[in-house]
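Chains as they are written, first to last, in my numbering: chain V, 1 to 116; chain W, 1 to 113.
Hints in this document: simulated from the structure, not taken from any laboratory. Think of the CB as a built atom: it goes at the ideal place given N, C-alpha and C, for glycine as much as any other residue. Be a bit skeptical, because a hint or two may be false.
As the list claims (entries may be wrong) - Partial selection, computed: residues in chain W whose CB lies under 7 angstroms from chain V:
id	residue
1	D38
2	I45
3	M46
4	S48
5	A72
6	F104
7	G105
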Amino acid sequence: GDSVTQTEGQVTVSESKSLIINCTYSATSIGYPNLFWYVRYPGEGLQLLLKVITAGQKGSSRGFEATYNKEATSFHLQKASVQESDSAVYYCALSPSSNMGYKLTFGTGTSLLVDP
Amino acid sequence: ETAVFQTPNYHVTQVGNEVSFNCKQTLGHDTMYWYKQDSKKLLKIMFSYNNKQLIVNETVPRRFSPQSSDKAHLNLRIKSVEPEDSAVYLCASSSWENQDTQYFGPGTRLLVL
Numbered sequence: 001g002d003s004v005t006q007t008e009g010q011v012t013v014s015e016s017k018s019l020i021i022n023c024t025y026s027a028t029s030i031g032y033p034n035l036f037w038y039v040r041y042p043g044e045g046l047q048l049l050l051k052v053i054t055a056g057q058k059g060s061s062r063g064f065e066a067t068y069n070k071e072a073t074s075f076h077l078q079k080a081s082v083q084e085s086d087s088a089v090y091y092c093a094l095s096p097s098s099n100m101g102y103k104l105t106f107g108t109g110t111s112l113l114v115d116p
Numbered sequence: 001e002t003a004v005f006q007t008p009n010y011h012v013t014q015v016g017n018e019v020s021f022n023c024k025q026t027l028g029h030d031t032m033y034w035y036k037q038d039s040k041k042l043l044k045i046m047f048s049y050n051n052k053q054l055i056v057n058e059t060v061p062r063r064f065s066p067q068s069s070d071k072a073h074l075n076l077r078i079k080s081v082e083p084e085d086s087a088v089y090l091c092a093s094s095s096w097e098n099q100d101t102q103y104f105g106p107g108t109r110l111l112v113l
């Protein structure tokens with residue numbers, strides 16, 4: 001079946017420094033999957049941060065960016081300068097298509113702590 | 001702003017008891033989901049509902065049963081809980097046309113003693 005791998009369980013970065021959170025995926029369905037980053041802020045539910053459905057494209061939101069790299073099967077999340085308010089848990093995810101929500105597969109999440 | 005509400009936040013019970021978790025969404029969505037997040041933080045889908053009709057049951061044990069009164073509500077009942085049911089249960093919703101953009105509630109943490 002499909003799988004998403006996030007190797008870092010926790011990352012600590014100083015405020016204003018750059019960030020990269022790694023994500024690789026394996027998809028068994030025909031064609032290229034849709035890729036996502038979801039975020040969970042303290043005390044809130046998971047919410048979509050960004051989504052990319054076309055291989056080679058870049059998605060961006062709130063200063064975060066992620067590029068769909070089909071050759072490397074990666075979808076790393078990056079930000080040039082983090083803020084304390086970015087402290088949250090970030091989940092990489094994939095789905096075979098937009099109308100298969102029950103096939104949304106998540107990674108185990110990376111907890112980001114931004115030191116002030 | 002929260003739009004998917006779950007109650008209770010936390011529940012402690014003993015093996016063999018019955019529990020029920022509630023979920024309500026105010027987004028006007030027609031599709032709702034229940035996920036289980038285990039101790040390894042892996043999110044696994046349990047059920048998916050569209051307009052009160054079950055469309056997916058990912059081989060969860062029979063003691064789990066979803067209940068929907070309308071498209072805005074999807075509750076989860078567990079008959080005779082077992083220790084391995086200890087987890088965080090997350091409810092989510094989406095539109096039918098855009099199912100992979102889901103909105104999640106804060107979760108219900110269940111501890112079975």
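Hints, one by one, checked against the model:
1. Nearest Cβ of chain V to the Cβ of D38 (chain W): about 10 angstroms, over the 7 angstroms cut. The hint is violated.
2. At a threshold of 7 angstroms, the smallest CB-CB gap from I45 (chain W) to chain V is about 6 angstroms, leaving the interface hint in force.
3. The beta carbon of M46 (chain W) comes no nearer than 10 angstroms to any beta carbon in chain V, farther than 7 angstroms, and the hint placing it at the interface is violated.
4. Checking S48 (chain W) against chain V by beta carbon gives a least distance of about 4 angstroms; that is within 7 angstroms, so the hint holds.
5. Because the closest C-beta pair between A72 (chain W) and chain V is about 16 angstroms apart, greater than 7 angstroms, the hint is violated.
6. Below 7 angstroms, beta-carbon pairs count as interface contacts, and F104 (chain W) has one with chain V at about 4 angstroms; its hint therefore holds.
7. Because the closest C-beta pair between G105 (chain W) and chain V is about 5 angstroms apart, less than 7 angstroms, the hint holds.
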